[in-house]
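S.K.: If you want the building blocks of each chain, they are given just below.
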Amino acid sequence: MKEIVIISLLGIAVLALDVLKMRKLVLPVIMLGLLGLIGVSIADWGLNETPFAQYGGMLTFDNTALSFTIVFASIALLWFILAGDNYTAGTSQRTDIFALVLFSLCGAVVLSAYTNLVMLFLGVEILSIPVYVLAASQRKNVLSNEAGFKYFFLGSLASAVLLFGISLCYGAVGSFELKAIQEHLSGGFYSPLILTGSALMLIGFAFKISVAPFHLWAPDVYQGAPTPVTAYMSTIVKGAAFAGMFKLFGSALQPLPEAYSTAIVFMIAITLIASNITAVVQTDTKRMLAFSSISHAGFMLGFVLTASTTSPKYLIYYTLTYSIASLISFFVIQHVAAIQNEDASTDAFKGLIKRSPVMAVSMTVALLSMAGIPPLSGFLGKYYVITNVIEHEHMALVIIMVITSAIGAFYYLRVISAIFTPIENAGRIMVSDSTRRTLAVLSVLLVVVFFAASLLELL
Amino acid sequence: MLTLILLAIPLFAAVLSMAAGAKNARNLALGAGILELIITLGAFFLNGKEGSETWLTFNREWIGPLGISYAFSLDGISLVMALLVALLLPIIIYASFNRTFKSPHYFYGLMLLMAASMMGAFTTTDGLLFYVFYEFALIPIYFMILYWSEHPNKAKITLKFFIYTLFGSLFMLVSLLYLYNISGSFNMQALYEAGRSLSGSEQGWVFAGFFIAFAVKIPVFPFHSWQPATYDSAPTAGTMLLAGIMLKMASYGMVRLVVPALPEGVAEYGTWALALSAISVLYASGMAIAQQRYKLLIAWSSIAHLGVLSAGILSGNAQGIQGGIMEMLSHGILSVALFFVYDIIESRMNHDDMSKMGGIREVNPLFAFLFFIIVMGSVALPLTSGFVGEFLLLLGFYQVSPWLTAVAGLTVVLGAVYMLRAFQSMMLGPANSATQSFAPLNSHEKTVLTILVILIIALGVYPDPILSVANPSVESLLQGLNR
Amino acid sequence: MELYHNITINHYLVLAAVLFGMGALGILFRRNAIIMFMCIELMLNAVNISLVAFSKMWNHTDAQVFVFFIMVVAAAEVAVGLAILMMLYRNTHSTDTSVLNKLKF
Amino acid sequence: MEKLVTLIPLFPLAGFLFITFLGKGLSKNFIGGIGSGAIFLSFVVSILVFTTQMHGAHPTVVKAFDWITAGTFDIDISFLVDPLSAIYLLFITGVGFLIHLYSIGYMHDDEGFNRFIAYLNLFVFFMLILILGDSYLTMFVGWEGVGLCSFMLIGFWYKDMKNNDAAKKAFIVNRIGDLGLILGMCLLFAYTGTLRYDELFISERAIGGLPTEVATAIGILLFIGAMGKSAQIPLHTWLPDAMAGPTPVSALIHAATMVTAGIYMVARSSNLYAMTESAGDLIMWAGILTSLLGATIALTQNDIKKVLAYSTVSQLGLMFVALGMGAYSTAVFHVITHAFFKALLFLGSGSVIHGMGGEQDIRRMGGLKKHMRTTHLTFLIGTIAIAGIFPFAGFFSKDQIIAVAFEENKLMFLLSLVVSACTAFYMFRLYFLTFHGKFRGTHEQEHHLHESPAVMTLPLVVLAVLSVVGGFIGLPHAVGESMHMHWHWLDHYLDGTVVMPALHMDLNTELMLMGLATIIAVGGIYLAWLKYSKRGELALEDKDITSATHKLMLNKYWFDELYNAIIRKPVDAISKALGSFIEPKIVDGLVEGTGAATDAAGGKLRLLQSGSLFFYILAFVVGLIALLLYI
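Protein chains in written order, with my numbering: chain W, 2 to 460; chain L, 127 to 609; chain H, 425 to 529; chain R, 2 to 632.
There may be inaccurate statements among the hints.
[To be verified] In silico BS3-like pairs for lysine-lysine, Cα to Cα no more than 25 Å straight-line:
#, chain 1, residue 1, chain 2, residue 2
1, R, 570, L, 482
2, R, 552, L, 572
3, R, 160, R, 29
4, L, 228, W, 351
These aren't lab readings, by the way, just hints derived from the structure by calculation.
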């Protein structure tokens, strides 16, 4: 509860600062606020051991929810540090965008803590609506408009489908409570209402996390949206959607008939194949990373597939490590493209090692982590997925995961090759110290988090 | 404890090198390499002594509930492999003094990183950790080639190399995880038990996963096509690391994981693997005969020798595995030597086209003499290191498949065909205008070649220290296998 | 009254489903952004109908409260959507969604 | 006393190391002294060792150090002293010493003198390892080592690519044999679990349980090794080419010692071969064919060393005939006598070549007996010895082979008589053409003609003496009795070490066979005298030869051409095809193709991202309906 209040107040405070013309204070206030949020979350640790539900029992901040909150808050913190460079300090556009991100973050927190389908819907909407605006936030840029519009339309459609699913579930169970749904299902009787309802919810989430065949919007939106927003979408929005989905399918909609897991297996398979193979032919790195993001969603869906036996901490780990890598790569793209007429093609990365060693190295680390090469934490993420999938004996899916991982490495490495290909008369790319330091810290983190994976067991 | 030190030295040196800058980077690296060697030798002397356990093993939980731990142990086999790394690392570093590199601190830093990862792979007793080190070694070598190669096509070649080997090793990951799913722990002993508890056909599948991974990396026909181009494009130090040490991780993996864990899988489905290994020998020898360029010739000859290696190990008996261990060490030394010869020739002639050379012996008899011993080691003449390994491999292989051994044994003949041809066409005959001015060896070339040649002969004449260290471990590895 | 008693929950559900499907088809086949907005509203309202019906069926008010939530959210969504549409119109002078194909492949 | 045996190979090794690493700048005589001295020391120790064996000491294994351990496989570097190795030691170090001595003179003007002596030392070292090794594997060390030295010495004058090619050929052909030997060892180990002679044949008789087929297979595989080393059909082609090396090399390696390693190995394995008829038959047939082939080719060759080389091939064949018939000690007997007279002949020919200033073609020689008295006389002794005239060494050993053949296999008996006739003929052809008649070379050569220095003739004399008396170690019963001497001494000496055939021949038959052999030899000599000394028939140019058989023999039955066509060319063609087609197009093509296919698939799949909102919604709805229908 405190978490929701803090983050909402923080959003309002940012708007207020804008009105009060104290825009210089925006970033520090956000930092303090988010640190406060993290602190409060840590202080609340272990509350689920004493039954303490909030908000009429519709939100429960158990350890999983808290750890998701901490992860989202930390990623948001990093996002603000990195994005701080991209918006001219002191403009109201900057505060608007920051406020929107904060509101959206509130939705993410709700999605990780909900215990009631109503809150699920509200969380999804709070998460999404600001992002529609953010995607379209470059007012003069048609591409940004297009991205925002596509995202908005398809997003609304998906919300409607999700909502209809919720409604049907309610019809079958007579309650929005997750616990009630689970009790209903544990009877072993599947009414058509709940079957249809859960299928519709599955589709609604499949859209949000962008897995095939509901992923077609993602590359366009990721490419068209302003790069910082893309970074935000691929990290927190996606992570929150997974948090919500994992909770729904892991603790409420259990057990479902075999057909559901078959459907999910199928979705993962075509997601991995389509995204990785299409990514191979992309020349625009931003779009390529969008496909990579889809492919990671396919992997993360593996956790949902095995949600009945998997602890959410592995999903948290995957989210965290993917988010770090994603933040690094999108912001590096942002800086590289910014000085060459928004050219984000692979060729634009040539000679980056000389032009900005820090960005080059951190980009390399991030890409290798996404490719799942040890000892970068991206590997452990994939490892957790594959172990779980093997435990559920979907061997064919494992083989597809493995082959597409190798294909994945191909397009990541192509960018790395470009980074280390020398070019003549390359000017240095200047970025602020804070960005440089953050990128460096993040890439070190990608290694540290690998070796310190045992910390995960604290959750 | 020593295992950690062995891991830490190159790691720290790598970081130090990258941080300290270009000046003295190579001396730092050499120092680290020599220190590594000294400590490994120390471990050798400790081996088998009372109470050496605490020194030679290390075990801490990593991801406890998942049964993953930071577990290292220097048993006989690992000791020899550690020696391979620690012995060749300073030699390779010293050999690279011949050339100057841009940003040497990064070059040597990557080299040391690679040494650390290989050391890790050879000493760990945790399956997942093995995989991690196995994969990680790719990264430094990838950058070493990408950034320091002068080959026009390097981007494509490195990409192919990386993807191909990654592709292979992901199958190993699947197999590992399959075993892990049964054992619940990545401890090697647990993995062995898990593997042996599987039915024959299941073992076959798991074996297939491992084999693809290792066959790509060793490499075995038909998964080898990344190798010659990669060797060709890499800077010589990189090629030495690759051929000398890195690819041994795959054959070591066969020894450590495949043979003890999947006896039935190897017995029932290994025939294919053995056949491929034997074909590898013939195929690569044929390719070696067709080569005009020396570097490519030794690249192919390497595949031919490693075909025997893989066959011998997969035969899964003490002779094959002991031979494998010996051959890994010996092939490492010989590869480094052969590629160093390439480096010497290339630095003087600016090409390695064998048909355009000749008569170097007349101009530089010392070089020819040393090269000749290396060639003899490569054709596995007795009293060189190559013989002990190759004979044991064939001996082991024969007990499983006599006919395939006869095929693989052709390496004895074909190896002589192409190696002697290379030696004669470059070194013998009358000197021509290009070779007339072949400069004498400088002191450090002399040192490196002499050390290598001494090693080749010493290990051939008296391989007992290696074999008797490894033997108890090999026997305990094979305990409970009725083969 | 007879008529009333014969109307079961299924009738409401069918109505909701039909409305929902109409909305979906409308979105699918219409090109005009304004009409597409309305179709989305239609879909949301179909859900509202079903929720209210279920609420009656289970004798709970939960769902009816939820309907209010949905209305609010829908309003917010439309506000955002129209804003984006306005911006788009300024840049392209069209409300036809088929011009939106700069981002592809 | 046996402990001293370790010293025997150590002396030559020390000599080699000293000359290689410290020999720079020392005088040639000093180097020569070191080289020969090392062998002489070995010779002295060998005599000591031999004496103990002769007086019936037990076979002893002297361990030097641990070598290879792998599970149950355990091989040391150890030396086995028994009658067989002791007698081999004796003649190897003895003949070796003489040839070293000779080399000092022969190679004196060569710039690679040090290298030459060093290589010879190394060769003797390996040869001694071969003989002394207590297991097949240790023997194999020497086996390959002598091959290496042979390679280095054939290609000694490395600036001429022809020599290098001959060296390479020798090495590679030997390697083919070695592969057989390796496989034989593998098979032996697979069945018996050991490769040590002691465990195999004596203390544990590990070969006892071998099934006959396996014993046959092992026998054949080991014999393939022997084929390579001892130049038996079909692996004989390297030996004549090996004459490219300096003549002392031909004498030491390619006549007296290394090429008889195959015989040693088979004799060493006599217990094994005794278990199998068929392997023995194979050896016998290979031997007699080789012998006939060598003898007939030798009839037509004009290069003095080639004649001797083919003669060696032929004599080696005879030894294998003896082995094949189970007369192991007889083969060893012939090895020893052959070592004496063939070394003598080669050294003599070297002396001739030395005198002729490098000329080797006997058509350019003639009448040399005036100029080179010692050489002439010793060469004549050697020729008589090899032709088999009583009481020279060759007579006894060859006669023993013929006698065995007479007992065992009449066809073999006839064929060996043919060989014997040919031998007498071509050797005397060589002798007459070289030493009799008029000088047919150039003026300069005639002017240059001189007798070789004492350091070269001394070994000739010693060897000549040995060629005369060497046969007494195996006097036939008939002769021995009449001369009141120890008959069949060698057989008695080797009894228990190698398997002995049970021969029961009465004295009359023995005498009859001796007479027959002598008549045939004398007939051959007479024909040679008639043709080359009396009538002087000699085709001076190859093109003058018209007879088809003559051409066939002159061209060595076209073996080289045949191998070129069926082995070398196909191998080259296959590797060319691999390199230019199969690797890039198929093996790598598949890999590259996978990449290209992925790329193409990506090109198609990206079209799904059409950018059109309609299509996206359509996909959404279709997906929705599909899922609902499925569930």
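S.K.: Hint by hint, which ones does this structure get wrong, listed from lowest number up?
M.R.: 2
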